[in-house]
Amino acid sequence: MEKSNPKLKLAVYWASACGGCCVSVLDVHEKLYDILSAADLVFWPIALDTKYHDVEEMPDKNIDITLFNGAVRNSENEKMARLLREKSKILVAYGSCAHLGGIPGLANFSTKEDILRRIYSECESVINPEGKTPLPEFEVDEGILDIPEFYNDVRALSQVTDVDYFIPGCPPQTERLLEVFNLIVAGAELPPKGSVIGAENKTQCDECIRKRTENKRIKKFYRPWEINDDGVTCFLEQGVLCMGPVTRAGCGYRCIKGNAPCRGCYGPLTGVTDPGAKMMAAIAGVVDEKDPEEIRKILDDVVDPAGLFYRFSLPVSLIRRKIE
Amino acid sequence: MKRITIDPITRLEGHGKIEIFLNDEGEVNNVYFQVPELRGFEKFCEGRPVEELPAITAKICGVCPGCHHMASGKAVDAVFGVEPPPTAKKLRELFYMAHFIHSHTAHFYALAAPDFVLGPHAPAAKRNIVGLIEKVGREIGTEVIKQRRFAQEIQALLGGHQTFVVMNIPGGVRRGLSEMERDDIVEKAKGFVGFAQFSLKIFEDFVLNNKEYVDLIINGPYSLKLHSMGLVDANNKVNFYDGKVRVVDTEGKELCKYSPTEYLDYVAEHVEPWSYLKFPFLKKIGWKGFIDGQASGVYHATPLSRLNVADGMATPLAQIEYERMYNTLGGKPAHVTLAMHWARLIELLYSAERLLELAMDPDITGTELRAKLGAIPGEGVGIVEAQRGTLTHHYWTDEKGIVTKANIIVGTTNNNAAICMSIKKAAQGLIKKGTEVTDGVLNMIEMAFRAYDPCFSCATHSLPGKMPMILEIRSADGELLERIKRG
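Protein chains in written order, with the numbering used here: chain W, 1 to 324; chain D, 325 to 811.
To be clear, the hints were calculated from the coordinates, so they are not data collected in a lab. Nothing here was measured: the structure is a model prediction, and the numbers come from that model. Mixed in with the good hints, there may be bad ones.
Said to hold, decoys possible - Here are the simulated BS3-like cross-link-like pairs (lysine-lysine), alpha carbons at most 27 Å apart as the crow flies:
| hint | chain 1 | residue 1 | chain 2 | residue 2 |
| --- | --- | --- | --- | --- |
| 1 | D | Lys459 | W | Lys31 |
| 2 | D | Lys413 | W | Lys112 |
| 3 | W | Lys9 | D | Lys608 |
| 4 | D | Lys724 | W | Lys132 |
| 5 | W | Lys31 | W | Lys219 |
| 6 | D | Lys561 | D | Lys608 |
| 7 | W | Lys132 | D | Lys607 |
| 8 | D | Lys470 | W | Lys31 |
| 9 | W | Lys79 | D | Lys341 |
| 10 | W | Lys112 | D | Lys470 |
| 11 | W | Lys257 | D | Lys413 |
| 12 | D | Lys612 | W | Lys132 |
| 13 | W | Lys7 | D | Lys341 |
| 14 | W | Lys219 | D | Lys459 |
| 15 | W | Lys132 | D | Lys341 |
| 16 | W | Lys220 | D | Lys470 |
| 17 | W | Lys132 | D | Lys470 |
| 18 | W | Lys297 | D | Lys459 |
| 19 | D | Lys696 | W | Lys220 |
| 20 | W | Lys257 | D | Lys696 |
| 21 | W | Lys219 | D | Lys724 |
| 22 | D | Lys514 | W | Lys31 |
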C-alpha cells in the first residue's frame, strides 16, 4: 500500500479576520484534490461544522498544523489562540493580521472608547437615543446573553501565545502556501522555530519588475493621483511613496502589477525592528537635497506617515499605539 | 426555560452565535442571533489619505473585497467631484461582473446545492461539495472549480491580485486592457454564459422538478414578508455597479428611490446591546422591532430583493429566467427565503451576459483611464450592490483629502434583523412540543440562514469529512441538561 504515512491533520482558524486568508487557501483551485489526498481538515469554521467543543475535547497536540489567521481583537480570539496552541504541534501565524496585527491593527491609533462611540453613537446613520452599546453580558427576558469582550488593543498572535512559524501576506500568496504544504507533506526538514516561511529574505526592490535608474533623485513627494504613472518606472523615483525598500518579497509583486505602490503587507525583513525608521531613511535617500532643513520640508509632504509605514504592523511596532 | 446554544455558527462569513430559548412545553419562545465581532473600520479610516480607502476598506471582507473596493472607489470619486471616463467605468463594471461570478458560483455549488441535490436530511458528512461531486460526478466539480478560477483570473488581471485588488484610483482605474487580454476575456465570458445556463438546469433538474422541494420553498417555514431593497438602472432593471437604490414594500409598491447622496434620508441603524452588529431599517417607517409585514421598518437586501425591486433584467437570457421564476412563485414580490438561491443563479446568468457585453464594447480597450481632478476634496458617497446586499460608503475629508469621518453600511448588515427573524421562524416551525431535534431538523434551521449568506460560500462545504455539530440544551441558569451531537 502506498499509504504508509498517516494523513496530516490540518486546521484553519480565523480570529479577527476578513476571510481573505481562507479564500487564499481555496484559491489552490484544482490542487484542492491533492491537498485532500494528503490531509484531513479537522477544524475550519468557514467550511466545516466543527464547534469549539470538538476542539476542546481533542487531546493536546492532536492537530499537526494550524493556520491561524486574523488578529487578536477580543476575548474569544485570545481564548482560541491559547486553545489552538495547546492542540497543535505546529502553530502558524498565517497572513498579515496574525503575523503583524494587519489592517485591523490600525485601530490601535484609537482607544476602545473612541471606536465604540463612533460606531454606536456618532455614525450618521445611527439612531440610538438610549445610548446603547454592546456589552459582554446583557440580561434579556429569557436569560443572560454574552458576547466576547472587545479589547482596547489589537495584538498579533505571537503577542498572545507561542508561534512556530509565520507565513506573511494580506493574504499570503497561494503558490507560497502550496510550496510550504508540499515540503511538509514530503517530510522535509523544517526551518528553525520562529522563522518566516513562504516568503523570501530580500526586499521587494531587490527584484522589482519596475525600472530603477539608481541616480534619479526627487524634489517633491506626490500622492498617487497627482502623477501620471508611466507604468514602468520605480514609484519612488516618480515621487510616490512605495514600501518596497523595507518590505519582504514573496507576494509576486501583485500590487505593482496592478500599477499601485507596495503597502508593506509582507512585513519587514528578519532583524528589522522598526520599519518606520528604516523607511524614513530610505525615502530621505531619494531626496535631491543636501540641506537638512530643505529635506525636512520635502518630507513634510508625506501625508499620514505613521498610517503608511505601519499600515500592516502597528501592533508589533515600537510605537504600538497612538502617541497622545 | 431551556436554552439551546450554537457557538460558533459555522459556514458563514465571520463569526456568529445562536441562542434558542424553549418554554416549558418545549416550544421555541425566542431566538437571538448574535454577532460577536467588531473591528471598527469607520474609526481607523480617520486620518488616512482618502485615496488609500479603496484598498483599506477592501479588507473588511476577503470574500467580497471587490464590492468594498468599488463602493469606496465611487465614494472617493465623489469626494474629488469627478466621474471616471467611460472606459474606466466599463472596466470597473467588467471587473465587478467577474467578482459576482466567482462569488455566486461558489455559493451555489459549495453551499446551497448540497442541501437540495443531496437533500436536507442527507447525512451531514455527505452534505457538502464533495458529497455533491460524488453524486453529480467529478467532471462537474472540476468544471465548477475551473469557471471560478477564470473569474478570479480576470479580477487578478485588472486588479493585480484576485482578492485584494488595487484597481481604483481617484477618477478612474490604474490599468487598461489590451486587445489580446480582451479577446481572452470574451472567450471566458462566453463560457460563463453557458455555465450559468447549465447551473440553472441543475437547479431545475434537482429542485424544480422535485415536488417536495418546491413545496418546501413555497410552504415551508421560510417566508417573511419584508420590504425589498436593490440598485436599479435608469430603466429600473437590476444593476450591480451603478444606479439608484429602489425600495418596494411587501406588496411591491415603490416606497422610495434614492441617489447615493440621499441615503441618510432613507436608511438608519438601530443598536442592541447583545450584538456588535447594528440593525438597519427604513427611516421613514422607523424601527418597530423584530417584526415582519407592511408596518415593519425591516427590509432585506438580497438577490431576491434585487429582483423584487426591479422591473426586469437588462440582459435577454436572464430576463427569460426572471419571468419564469415569478411565474412559478405566483408573482412579484416573492417572499420565500429559499428563492434567494434561484434569484442568485439568475443573477449569475446576468453577470455572465453583462460581462460578455462589456468585453465586446469598443470602449473597453480605450486608453483614457482617469479623469482630471480639479475640485478641492470634500464629501462623497458611493453605493454598489454587493453579493449580499446594498453597500454604502460615505467619507468626509479635509481640504487635503485626509479622511475626517467615515460611515459604512455593509451588505450583510442590511439583513441582520431579517436573518434574526428567519432563524426564529424556522426554529419555531421546526421545533414543536415533543420534536426530536435531529440532524436534519438542525440543518433545516440552518437553511433559513444559509439562503442569505452568499459571501463565505467560496470556501463553505468544500471539504470532506465529518461535519459534527453540538447542541447544548441548558437550563436558564446555565446547567447543561442535554447534549445533542450530530455528524
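Keeping to a limit of 27 Å between CA atoms, is the pair of lysine 696/D and lysine 220/W held or broken? 20 Å, holds
Has the given pair, lysine 413/D with lysine 112/W, been kept, meaning a C-alpha gap of at most 27 Å? 39 Å, violated
Hint check: lysine 257/W vs lysine 696/D, CA-CA at most 27 Å. Holds or violated? 23 Å, holds
Tell me if the straight-line CA distance from lysine 132/W to lysine 470/D falls inside 27 Å. Status violated; Cα separation ~48 Å.
Pair hint lysine 220/W and lysine 470/D, alpha-carbon separation not exceeding 27 Å: With Cα atoms ~47 Å apart, lysine 220/W and lysine 470/D exceed 27 Å; violated.
Measure nothing beyond the straight line between the CA atoms of lysine 470/D and lysine 31/W; if it is 27 Å or shorter, mark the hint as holding. Status holds; Cα separation ~11 Å.
Could you grab the alpha-carbon distance between lysine 459/D and lysine 31/W and see if it respects the 27 Å cut-off? 21 Å, holds
Verify the proposed pairing of lysine 9/W with lysine 608/D, using a straight-line Cα cut of 27 Å. Cα-Cα ~53 Å, so violated.
Given the hint that lysine 724/D pairs with lysine 132/W, test it: the Cα-Cα distance must not exceed 27 Å. At roughly 35 Å apart (the allowed maximum being 27 Å), lysine 132/W and lysine 724/D break the hint.
Would the hint linking lysine 132/W and lysine 607/D be met if the CA-CA limit is 27 Å? Holds: lysine 132/W and lysine 607/D sit about 18 Å apart, inside 27 Å.
Given the proposed pairing of lysine 79/W with lysine 341/D, does the C-alpha separation stay at or below 27 Å? This hinted pair holds, its Cα atoms lying about 16 Å apart.
Regarding the pair lysine 132/W and lysine 341/D, is the alpha-carbon distance no greater than 27 Å? Since the Cα atoms of lysine 132/W and lysine 341/D sit roughly 20 Å apart, the hinted pair holds (cutoff 27 Å).
When held up to the earlier numbered hints, the structure conflicts with 2, 3, 4, 5, 10, 13, 14, 16, 17, 18 and fits the remainder.
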